[in-house]
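2 protein chains.
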Amino acid sequence: MHHRNALRLRCLGIDTYQHHVVFLRADCHVSVSEGFVSQSRVRVSGNGRTILATVNVVKSDLLADGEASLSEAARLALGVGEHDVILLSHPAPVESLSLMRSKVYGNRLDDKAMEEIVKDIVLGRYSELHLAAFVTACAGSRLDEAEMIALTRAMIKVGQRIEWRSHNGNRIVVDKHCVGGLPGNRTTPIVVAIVAAHGLLIPKTSSRAITSPAGTADTMEMLAPVELGIDDMRRVVEKEGGCIVWGGSAGLSPADDMLIRVERPLELDSEGQLIASVLSKKAAAGSTHVVVDIPLGPTAKVRTPEAAEVLRQRLQLVGHAVGLEVRAIISDGSQPVGRGIGPALEAYDVLAVLQGKPDAPADLRERSLTLASLIIEMAGSVPRNMGRQQAEVLLENGAAWIKFQAICEAQGGMRIPPKSGHHRPVLARHKGRVTAIDNRRLARVAKLAGAPKAVAAGVEFLAPIGTEVVKGQPLYVVHAEAQGELNYALDYVSTQDSNIITVE
Amino acid sequence: MHHRNALRLRCLGIDTYQHHVVFLRADCHVSVSEGFVSQSRVRVSGNGRTILATVNVVKSDLLADGEASLSEAARLALGVGEHDVILLSHPAPVESLSLMRSKVYGNRLDDKAMEEIVKDIVLGRYSELHLAAFVTACAGSRLDEAEMIALTRAMIKVGQRIEWRSHNGNRIVVDKHCVGGLPGNRTTPIVVAIVAAHGLLIPKTSSRAITSPAGTADTMEMLAPVELGIDDMRRVVEKEGGCIVWGGSAGLSPADDMLIRVERPLELDSEGQLIASVLSKKAAAGSTHVVVDIPLGPTAKVRTPEAAEVLRQRLQLVGHAVGLEVRAIISDGSQPVGRGIGPALEAYDVLAVLQGKPDAPADLRERSLTLASLIIEMAGSVPRNMGRQQAEVLLENGAAWIKFQAICEAQGGMRIPPKSGHHRPVLARHKGRVTAIDNRRLARVAKLAGAPKAVAAGVEFLAPIGTEVVKGQPLYVVHAEAQGELNYALDYVSTQDSNIITVE
Numbered sequence: 001m002h003h004r005n006a007l008r009l010r011c012l013g014i015d016t017y018q019h020h021v022v023f024l025r026a027d028c029h030v031s032v033s034e035g036f037v038s039q040s041r042v043r044v045s046g047n048g049r050t051i052l053a054t055v056n057v058v059k060s061d062l063l064a065d066g067e068a069s070l071s072e073a074a075r076l077a078l079g080v081g082e083h084d085v086i087l088l089s090h091p092a093p094v095e096s097l098s099l100m101r102s103k104v105y106g107n108r109l110d111d112k113a114m115e116e117i118v119k120d121i122v123l124g125r126y127s128e129l130h131l132a133a134f135v136t137a138c139a140g141s142r143l144d145e146a147e148m149i150a151l152t153r154a155m156i157k158v159g160q161r162i163e164w165r166s167h168n169g170n171r172i173v174v175d176k177h178c179v180g181g182l183p184g185n186r187t188t189p190i191v192v193a194i195v196a197a198h199g200l201l202i203p204k205t206s207s208r209a210i211t212s213p214a215g216t217a218d219t220m221e222m223l224a225p226v227e228l229g230i231d232d233m234r235r236v237v238e239k240e241g242g243c244i245v246w247g248g249s250a251g252l253s254p255a256d257d258m259l260i261r262v263e264r265p266l267e268l269d270s271e272g273q274l275i276a277s278v279l280s281k282k283a284a285a286g287s288t289h290v291v292v293d294i295p296l297g298p299t300a301k302v303r304t305p306e307a308a309e310v311l312r313q314r315l316q317l318v319g320h321a322v323g324l325e326v327r328a329i330i331s332d333g334s335q336p337v338g339r340g341i342g343p344a345l346e347a348y349d350v351l352a353v354l355q356g357k358p359d360a361p362a363d364l365r366e367r368s369l370t371l372a373s374l375i376i377e378m379a380g381s382v383p384r385n386m387g388r389q390q391a392e393v394l395l396e397n398g399a400a401w402i403k404f405q406a407i408c409e410a411q412g413g414m415r416i417p418p419k420s421g422h423h424r425p426v427l428a429r430h431k432g433r434v435t436a437i438d439n440r441r442l443a444r445v446a447k448l449a450g451a452p453k454a455v456a457a458g459v460e461f462l463a464p465i466g467t468e469v470v471k472g473q474p475l476y477v478v479h480a481e482a483q484g485e486l487n488y489a490l491d492y493v494s495t496q497d498s499n500i501i502t503v504e
Numbered sequence: 001m002h003h004r005n006a007l008r009l010r011c012l013g014i015d016t017y018q019h020h021v022v023f024l025r026a027d028c029h030v031s032v033s034e035g036f037v038s039q040s041r042v043r044v045s046g047n048g049r050t051i052l053a054t055v056n057v058v059k060s061d062l063l064a065d066g067e068a069s070l071s072e073a074a075r076l077a078l079g080v081g082e083h084d085v086i087l088l089s090h091p092a093p094v095e096s097l098s099l100m101r102s103k104v105y106g107n108r109l110d111d112k113a114m115e116e117i118v119k120d121i122v123l124g125r126y127s128e129l130h131l132a133a134f135v136t137a138c139a140g141s142r143l144d145e146a147e148m149i150a151l152t153r154a155m156i157k158v159g160q161r162i163e164w165r166s167h168n169g170n171r172i173v174v175d176k177h178c179v180g181g182l183p184g185n186r187t188t189p190i191v192v193a194i195v196a197a198h199g200l201l202i203p204k205t206s207s208r209a210i211t212s213p214a215g216t217a218d219t220m221e222m223l224a225p226v227e228l229g230i231d232d233m234r235r236v237v238e239k240e241g242g243c244i245v246w247g248g249s250a251g252l253s254p255a256d257d258m259l260i261r262v263e264r265p266l267e268l269d270s271e272g273q274l275i276a277s278v279l280s281k282k283a284a285a286g287s288t289h290v291v292v293d294i295p296l297g298p299t300a301k302v303r304t305p306e307a308a309e310v311l312r313q314r315l316q317l318v319g320h321a322v323g324l325e326v327r328a329i330i331s332d333g334s335q336p337v338g339r340g341i342g343p344a345l346e347a348y349d350v351l352a353v354l355q356g357k358p359d360a361p362a363d364l365r366e367r368s369l370t371l372a373s374l375i376i377e378m379a380g381s382v383p384r385n386m387g388r389q390q391a392e393v394l395l396e397n398g399a400a401w402i403k404f405q406a407i408c409e410a411q412g413g414m415r416i417p418p419k420s421g422h423h424r425p426v427l428a429r430h431k432g433r434v435t436a437i438d439n440r441r442l443a444r445v446a447k448l449a450g451a452p453k454a455v456a457a458g459v460e461f462l463a464p465i466g467t468e469v470v471k472g473q474p475l476y477v478v479h480a481e482a483q484g485e486l487n488y489a490l491d492y493v494s495t496q497d498s499n500i501i502t503v504e
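Chains A and B, in that order, give the protein sequences.
With this note's numbering, letter number 159 in the first sequence gets 159, and the count goes up by one each step, no holes.
With this note's numbering, letter number 121 in the second sequence gets 121, and the count goes up by one each step, no holes.
With the rest of the complex left out, here is chain A (with noise of 0.2 Å):
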């Protein structure tokens, strides 16, 4: 305590998410003849390391003389406990953020101006506000296709990259990804399983829910532990051929994962950091062929046919610019994929399609054998036309299913999902045929229900298009944990019930 900026820490366990934030009173000494303010930022030194962090003044005496504290984002960042030295001082200016603004003001990023700015985001240098402007800046269509490739190929350069041991005689390491926007659509456990068991290398890290009611690791989540570190999945992979794991925790991506940081609450769809994501991620996990899935509907994602077709072109051209293979597909996007819309109800769809149940979803199985199947063919490693015939096999047999077992076994142990507390089925008002199904809508009741917080919770989807039905009859049924969430989820549901589901 000897150094004039120092402070004792006192732990608030005050939870910003990441942001990192700084709390110190009005009249510390620090704040006095450093000139800190509400809102500084400053450089805090603590344990050997160093971050930028946002300041919060306290007029309080919930910080004694000489004491600050730390939320807890910034507090784990330094690995600084209770009465720990922290020093505060002013930071040098971030170089990147003169870059960033040009960027806003409508010129091009080189690449090495794109390095520059995801380095300092990645080491913790850019607030909320810069990461908010930095991610407006790019959203929609503002990155052309060399600054994509640029933002590309920083954020793999930024993250780890596994080196996988050829397998089987082989060095090709497979993978896929699905553009997203479709609720349910929990193919990759299937697929992984599939594409395992035929023998290929599958190392699959997978998001959790962005803004949709569940993510792929949410999902697998419910089955097995998905928060394994490189060293653990490195060992699952090694062991079984494939495995279905938490992207964040592999920290395979940590530009993007501070990036969805401010996406998410901002909800901005950006072409460029989607490709960014995607393939950064990809690269980042060793893979060297991936299958890209972009679902097409009225209310998916991807909403008209030359958008689609651009995208496609663009993950292809990008991945051969940064030394992948993609192979991308169109699919159909008009409505959810499975039954189940939610971490655990989803869970049972692909526990189902594994184990060959005969109420199984079709549609879902149907997409995963054609997603498994791309990928046989384009590892090589089955003549052409063959791979659909191989991918049946191996789901038939129960191949895939043991593979599942194995997986999950391998990354800590199979779970049995929870089943929600609270439901209440959604009728149909009139007798009809299904034509319509609005996804954000359906996927928005999910989410009102608790989804994916509550892992329960979500929709029972039981009306494709195309169904005929009567008055009265379930179009689906809301899963809740808490009656409070039925009610909500129920509430919107009265007051947009035909534009969720069509019936004419």
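FYI, nobody ran anything at the bench for these hints, they're computed from the structure.
Model, not experiment: these values are computed from the prediction.
Treat the hints with caution; some may be incorrect.
[What the hints assert, rightly or not] Taking lysine to aspartate or glutamate pairs in the DMTMM-like style, the calculated list, with each CA pair at most 25 Å apart, reads:
id: 1; chain 1: B; residue 1: Lys119; chain 2: B; residue 2: Asp269
id: 2; chain 1: A; residue 1: Lys59; chain 2: B; residue 2: Glu82
id: 3; chain 1: B; residue 1: Lys453; chain 2: A; residue 2: Glu67
id: 4; chain 1: A; residue 1: Lys157; chain 2: A; residue 2: Asp111
id: 5; chain 1: A; residue 1: Lys59; chain 2: B; residue 2: Glu67
id: 6; chain 1: B; residue 1: Lys157; chain 2: B; residue 2: Asp232
id: 7; chain 1: A; residue 1: Lys431; chain 2: A; residue 2: Glu392
id: 8; chain 1: A; residue 1: Lys239; chain 2: A; residue 2: Glu163
id: 9; chain 1: B; residue 1: Lys59; chain 2: B; residue 2: Glu95
id: 10; chain 1: B; residue 1: Lys112; chain 2: A; residue 2: Glu267
id: 11; chain 1: A; residue 1: Lys119; chain 2: B; residue 2: Glu267
id: 12; chain 1: A; residue 1: Lys59; chain 2: B; residue 2: Asp84
id: 13; chain 1: A; residue 1: Lys453; chain 2: B; residue 2: Asp84
id: 14; chain 1: B; residue 1: Lys119; chain 2: B; residue 2: Glu267
id: 15; chain 1: B; residue 1: Lys59; chain 2: A; residue 2: Asp257
id: 16; chain 1: A; residue 1: Lys59; chain 2: B; residue 2: Asp61
id: 17; chain 1: A; residue 1: Lys119; chain 2: A; residue 2: Glu147
id: 18; chain 1: A; residue 1: Lys59; chain 2: B; residue 2: Glu227
id: 19; chain 1: A; residue 1: Lys471; chain 2: A; residue 2: Glu504
[Said to hold, decoys possible] Quick look at which bits of chain A chain B covers, simulated, 3 or more residues with Cβ under 8 Å:
id: 20; stretch: 15-21
id: 21; stretch: 59-67
id: 22; stretch: 102-112
id: 23; stretch: 130-140
id: 24; stretch: 448-456
id: 25; stretch: 481-491
[Stated by the list, open to error] Heads up, incomplete: computed chain B residues facing chain A, CB under 10 Å, no partners named:
id: 26; residue: Arg101
id: 27; residue: Gly124
id: 28; residue: Pro265
id: 29; residue: Glu396
id: 30; residue: Asn397
C-beta: ideal position from N, C-alpha, C; glycine also.
Given chain A, put chain B in place with the hints provided.
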């Protein structure tokens, strides 16, 4: 406390600037039943008022069961105190966010869309991230003229608008504005004094520093109180014909005040927001005739004659569309105007000019006379080309100085600006002639020395372009209130010296 979503307020005194934050225990019954997590946006009601706030979860025993806390800004917005009851619920979706996102994606915003966005901003429905995205989407030259008009109209509409009684037999209300970017250049107090002494109505509102070492309000505050509400402002103007108050406390353009809080840390320039900010405040102040000064120079805010001319015409065009007569002029922005840079130092320059001291900065006197003349002529109160003579007479015969003192008294009493406790000159390294000044770097020295928060801090500029200097002659003096801040500024100077003032 019978309502299931009620919590008791515990005041923790945490100042998050203007950001509304609600602090909740992780195991709080409301968080659990409603599914609130860190970063959730929630509706908080209390004392008959409602705000939106961002959740921070507290994982310690800082809050007891049944307690919640609010950031100071949120607490004051609701007007609640210790142990008061607040109610939390899910907020209705903020509909205008989809319009904001549409702008991010490159679409135009029409009058109605802009109005809905600005209305939601003023109602506090936008989080910091949403504000950052909106500011970024409008930055640079991303608003076209129709959008600038729409934004200006919307910003006028959400604020108050002062109506003035006819004054000295006419209904003209004059005003002035400087686009900024030039350190010092504190003409406003002098111009207001001259123009009011001439008998015109000039209810001047000014801003505090955003990224500069001092705003006019910061400087004027060295001489008299500036935080007057609209009623006090009206009293001063009706008595003296003029005032110089802080626009923020007058609440004349609340939307602008909220946008500035994110523009400041982002350091983004935006032509559309600049125009809307300036003109909405003038219209709200009830002005009819406005003179705008656009300093042009290589390190001023406006750097090319083309950009200056576009801005000049747009100010006049947008002004006309919202019912303001605007005359914009382009002036020399190659170097600071006056000697002082920083609140108190600038205030001493203002006093020297008004008091007619022999050592008063001639450039500040000259520019103030130019602007005052234009205003007097624009108002039609003297024949064309007679404005200059009239302004000079009022300055030289002491009428402006007497008027200024009267205005200060009416605003709450005239004050003597403080002097700095620490200062050191920066010397010419060799003999030569001053050929260029970097306004931005010079301003940065003043800011590192503590300005505007340390009011006596800043720079005393002694070597305008053209000055012949000998080795060791002071080019400028750095003033600070604390030795630490003086050292910061001098450390920066030592790395930048010949880049700040060029001697050839």
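Structure-based check of all given hints:
1. Restraint check for Lys119 (chain B) and Asp269 (chain B): the C-alpha separation of about 22 Å stays at or below 25 Å, so the hint holds.
2. The hinted pair formed by Lys59 (chain A) and Glu82 (chain B) meets the criterion: a straight-line CA distance of about 14 Å does not exceed 25 Å.
3. Restraint check for Lys453 (chain B) and Glu67 (chain A): satisfied, since their Cα atoms lie roughly 23 Å apart, inside the 25 Å limit.
4. Of the pairs offered as hints, the one joining Lys157 (chain A) and Asp111 (chain A) holds, with about 11 Å between alpha carbons and a cut-off of 25 Å not exceeded.
5. Between Lys59 (chain A) and Glu67 (chain B) the alpha-carbon distance is near 19 Å, which keeps this suggested pair within the 25 Å criterion.
6. For the hint linking Lys157 (chain B) to Asp232 (chain B), the alpha-carbon distance of about 22 Å falls within 25 Å, and the restraint holds.
7. Of the pairs offered as hints, the one joining Lys431 (chain A) and Glu392 (chain A) is violated, with about 37 Å between alpha carbons and a cut-off of 25 Å exceeded.
8. Taken as a hint, the Lys239 (chain A) and Glu163 (chain A) pair is honoured in the structure, with Cα atoms around 15 Å apart against an allowance of 25 Å.
9. With a CA separation close to 33 Å, the supplied pair Lys59 (chain B) and Glu95 (chain B) exceeds the 25 Å bound.
10. Straight-line distance between C-alpha atoms of Lys112 (chain B) and Glu267 (chain A) comes to about 22 Å, which keeps the hinted pair within the 25 Å bound.
11. Annotation: proposed proximity of Lys119 (chain A) to Glu267 (chain B) holds, straight-line Cα distance about 20 Å (limit 25 Å).
12. This hinted pair checks out: Lys59 (chain A) and Asp84 (chain B) have alpha carbons roughly 19 Å apart, not beyond 25 Å.
13. For a cut-off of 25 Å, the pair hint linking Lys453 (chain A) to Asp84 (chain B) is broken: about 30 Å separates their Cα positions.
14. This hinted pair checks out: Lys119 (chain B) and Glu267 (chain B) have alpha carbons roughly 24 Å apart, not beyond 25 Å.
15. A hinted pair counts as satisfied when its Cα atoms are at most 25 Å apart, and Lys59 (chain B) with Asp257 (chain A) qualifies at roughly 23 Å.
16. Distance hint between Lys59 (chain A) and Asp61 (chain B) is fulfilled; the C-alpha atoms sit about 19 Å from each other, no more than 25 Å.
17. In summary, the hint linking Lys119 (chain A) to Glu147 (chain A) is supported, as the alpha carbons are separated by about 16 Å, within the 25 Å threshold.
18. Using a Cα cut-off of 25 Å, the hinted pair Lys59 (chain A) and Glu227 (chain B) holds, with the two alpha carbons roughly 22 Å apart.
19. The straight-line distance between the Cα atoms of Lys471 (chain A) and Glu504 (chain A) is roughly 12 Å, inside the 25 Å bound, and the hint therefore holds.
20. Given as covered by chain B, the stretch 15-21 of chain A passes the check, having 3 residues with a CB less than 8 Å from a CB of that chain where 3 are the minimum.
21. Remark: the stretch 59-67 of chain A is confirmed as covered by chain B, as 3 of its residues place a Cβ nearer than 8 Å to a Cβ of that chain, reaching the required three.
22. Under the rule that three or more residues need a Cβ within less than 8 Å of chain B, the assignment of the stretch 102-112 of chain A holds, with 3 such residues.
23. Residues of the stretch 130-140 of chain A with a Cβ under 8 Å from some Cβ of chain B number 8, which satisfies the need for three, so the listed coverage holds.
24. Coverage of the stretch 448-456 of chain A by chain B holds [criterion: at least 3 residues with CB-CB distance below 8 Å; count 3].
25. Coverage of the stretch 481-491 of chain A by chain B holds in this model, with 4 residues showing a Cβ closer than 8 Å to a Cβ of that chain against a need of three.
26. Given hint, Arg101 (chain B) at the interface with chain A, holds; its Cβ is 6 Å from that chain's nearest Cβ, closer than 10 Å.
27. Against a cut-off of 10 Å between C-beta atoms, the interface hint on Gly124 (chain B) is violated, since the closest Cβ of chain A lies about 16 Å away.
28. Nearest Cβ of chain A to the Cβ of Pro265 (chain B): about 5 Å, under the 10 Å cut. The hint holds.
29. Given the 10 Å rule on beta carbons, the hint for Glu396 (chain B) is violated: about 41 Å separates it from the nearest Cβ of chain A.
30. For Asn397 (chain B), the interface hint is violated, since its Cβ never comes within 10 Å of a Cβ in chain A; the closest pair sits about 43 Å apart.
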